[in-house]
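Asks: Taking the hints into account, I'd like the entire structure generated from these sequences.
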Amino acid sequence: DGGITQSPKYLFRKEGQNVTLSCEQNLNHDAMYWYRQDPGQGLRLIYYSQIVNDFQKGDIAEGYSVSREKKESFPLTVTSAQKNPTAFYLCASSKIGGAAETQYFGPGTRLLVL
Amino acid sequence: AQTVTQSQPEMSVQEAETVTLSCTYDTSESDYYLFWYKQPPSRQMILVIRQEAYKQQNATENRFSVNFQKAAKSFSLKISDSQLGDAAMYFCAYASGTYKYIFGTGTRLKVLA
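Taken in sequence, the protein lines are chains A and B. When we follow my numbering, the leftmost residue of the first sequence carries the number 1, and every step to the right adds one. When we follow my numbering, the leftmost residue of the second sequence carries the number 1001, and every step to the right adds one.
Hint data in this document are derived by calculation from the structure and do not stem from the laboratory. Any given hint could be a false lead.
[Stated by the list, open to error] Listed below are the simulated SDA-like cross-link pairs for lysine to any residue, each with C-alpha atoms no more than 20 Å apart in a straight line:
id: 1; chain 1: A; residue 1: K9; chain 2: B; residue 2: K1110
id: 2; chain 1: B; residue 1: K1110; chain 2: B; residue 2: Q1014
id: 3; chain 1: B; residue 1: K1100; chain 2: B; residue 2: Q1006
id: 4; chain 1: B; residue 1: K1100; chain 2: A; residue 2: K9
Note that the structure is a prediction, hence the values are computed from the model and not measured.
Replies: Below you can see the structure in the form of structure tokens.
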């Protein structure tokens, strides 16, 4: 089955700790995205990547970092600089980058701060 | 800047009835795409329907259809013969240019048995 997997489902972060959220896709999609979802708000774009070894900041990139070393993988690191990391994080992918392409989403990771 | 507004935080519908969810957007672009996504309690976002702005015909997918009014910048979603499984958050999204989706704040749909 083709799809997007995210792990873990729940993640707990201690103060001052960096944590990494995993996103893997086997859809052979070039473009991948990370969104943050907070209660009462829509999804907000953190980072996106249109091709391997290339990525750009979205609207709320501060306190986050990403890498794109493989086409299938786009991990997100929440650094200690992100002061309010508690949220639901969604990874998405599309065949290529661009507004015309439908984005497909993973099941998400809930990050909680201890 | 483009914005997407969903003015109904919550809606209810009786099972088998029809409900319409509203979405308006603001843009100066002429070429763009609009989407409705469903987020059930599992929280995975699922595409319901998409509309290309250059198409005048309203998109339909089984029980789901849209009323796309380009001049009014309105993109409402109609769900016919509502089912219990339709209960979810519904997000309207706008996309233009290279990559960016802009999402509304969502409408929670409750389906009453």
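Asks: The structure should be examined with respect to each hint, and the outcome stated for every one.
Replies: Okay, the hints, checked on the actual structure:
1. With a C-alpha separation of about 26 Å, the suggested pairing of A:K9 with B:K1110 is violated against the 20 Å cut-off.
2. Between the alpha carbons of B:K1110 and B:Q1014 the distance comes to roughly 8 Å, so the proposed pair stays at or under 20 Å and holds.
3. A hinted pair counts as satisfied when its Cα atoms are at most 20 Å apart, and B:K1100 with B:Q1006 qualifies at roughly 18 Å.
4. Our distance criterion of 20 Å between C-alpha atoms is broken by B:K1100 and A:K9, whose separation comes to about 26 Å.
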